[in-house]
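2 protein chains.
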Amino acid sequence: MNLYILRHGIAVEHGAAGYENDDERPLTGKGKRKMWAIAEAIKALEISFDLILSSPLVRARQTAEIVAEALKARKRLELTDTLAPRDSAKPLIEYLKDQGAVDDALLVGHEPFLSRLISLLISGDYETSVLLKKGGFCKLSTVELKHGRCATLEWLLTPKQMELMK
Amino acid sequence: MNLYILRHGIAVEHGAAGYENDDERPLTGKGKRKMWAIAEAIKALEISFDLILSSPLVRARQTAEIVAEALKARKRLELTDTLAPRDSAKPLIEYLKDQGAVDDALLVGHEPFLSRLISLLISGDYETSVLLKKGGFCKLSTVELKHGRCATLEWLLTPKQMELMK
Chain A
1282 MNLYILRHGI
1292 AVEHGAAGYE
1302 NDDERPLTGK
1312 GKRKMWAIAE
1322 AIKALEISFD
1332 LILSSPLVRA
1342 RQTAEIVAEA
1352 LKARKRLELT
1362 DTLAPRDSAK
1372 PLIEYLKDQG
1382 AVDDALLVGH
1392 EPFLSRLISL
1402 LISGDYETSV
1412 LLKKGGFCKL
1422 STVELKHGRC
1432 ATLEWLLTPK
1442 QMELMK
Chain B
1282 MNLYILRHGI
1292 AVEHGAAGYE
1302 NDDERPLTGK
1312 GKRKMWAIAE
1322 AIKALEISFD
1332 LILSSPLVRA
1342 RQTAEIVAEA
1352 LKARKRLELT
1362 DTLAPRDSAK
1372 PLIEYLKDQG
1382 AVDDALLVGH
1392 EPFLSRLISL
1402 LISGDYETSV
1412 LLKKGGFCKL
1422 STVELKHGRC
1432 ATLEWLLTPK
1442 QMELMK
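Chains A and B supply the protein sequences, listed in that same order. With my numbering applied, the first sequence covers 1282 to 1447. With my numbering applied, the second sequence covers 1282 to 1447.
Just so you know, the hints here were simulated from the structure itself, not pulled from any lab data. For each residue, glycine too, the CB sits at the ideal point set by N, CA and C. Keep in mind that the hints are not guaranteed to be accurate.
[Said to hold, decoys possible] Partial chain B-side listing against chain A, Cβ under 7 Å, derived:
#, residue
1, I1328
2, A1365
3, S1369
4, E1435
5, M1446
[What the hints assert, rightly or not] Okay, the calculated beta carbon distance ranges per label pair:
#, chain 1, residue 1, chain 2, residue 2, range
6, A, R1367, B, K1414, 54 to 64 Å
7, A, K1356, B, T1361, 33 to 43 Å
8, B, P1307, A, R1367, 28 to 38 Å
9, A, K1356, B, S1369, 50 to 60 Å
[What the hints assert, rightly or not] To list a few chain A residues with every Cβ distance to chain B over 10 Å, as calculated:
#, residue
10, P1307
11, D1384
12, E1435
13, Q1442
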């Protein structure tokens, strides 16, 4: 199973007028434009997804929607609270294991949750230091997903690098 | 300090006629061509190096020479046994610490040594699973290099991804 992990794009600042509710902060215009470039890079890399899971928060949902639209995979997009900002990755891992046969899943969410998830899966604890910028994207592969060390980090890309790949 | 890590490119097969000595195996023609493409990607990413350290084995030295030539940095290339295939990263880390003020160092070497080095620096032990293909390239950043967890993995690229960046 391949797990692709994408952090949401550039969003309206925390506490900006009109967006006092953190859950409602949308991507900025620049954030949307860059996310479209990232989606083009995902296509250039010939990656596809059986399943696209996203945090329900607006900035993550909009990120997932852009990728799903670019890849013509809107029907494979599901929102799940297990990808909302939280301390434990256990509910997400259980949710993924309940999905049955999935070869390539995309997870769209937030920091620090996502880099902690990567750390858990490649090293067994939350202490491994991996940088995931807004719009950062990586691939993990695993034979059997579990809550612990079970995966290899195959690559980790910055948004700038993806924009060079179009 | 930024540590950039590059695995040597595609080399003549182990035990091929005329290359019974593993240390002498050179890059193949395809390996050299791909390494030039990777060197172009390094330029496209606007990366430069104060110091280029390479294993003295032919396939690593040729890899480092291509990058150094592409970046017009031949005078900054040094060969060191501390990057030859070995179990411990301690001699390499001591060697690096003895270099004084270096902001951006490139290390060219072999697997499994390099991915074990990455694991040590980002997680503190040798157990974290990171894939470094032939020609694979990554960036670690650290405030104070030591033999243990001290660095963040900023990105990790496959050769195919770098070829898309030219």
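So, going through the hints one by one against the coordinates:
no.	hint	verdict
1	I1328	violated, 11 Å
2	A1365	violated, 25 Å
3	S1369	violated, 20 Å
4	E1435	holds, 5 Å
5	M1446	holds, 4 Å
6	R1367(A) x K1414(B): 54 to 64 Å	violated, 34 Å
7	K1356(A) x T1361(B): 33 to 43 Å	violated, 54 Å
8	P1307(B) x R1367(A): 28 to 38 Å	violated, 52 Å
9	K1356(A) x S1369(B): 50 to 60 Å	holds, 52 Å
10	P1307	holds, 27 Å
11	D1384	holds, 18 Å
12	E1435	violated, 5 Å
13	Q1442	violated, 7 Å
The structure is inconsistent with the numbered hints 1, 2, 3, 6, 7, 8, 12, 13, although it conforms to all the rest.
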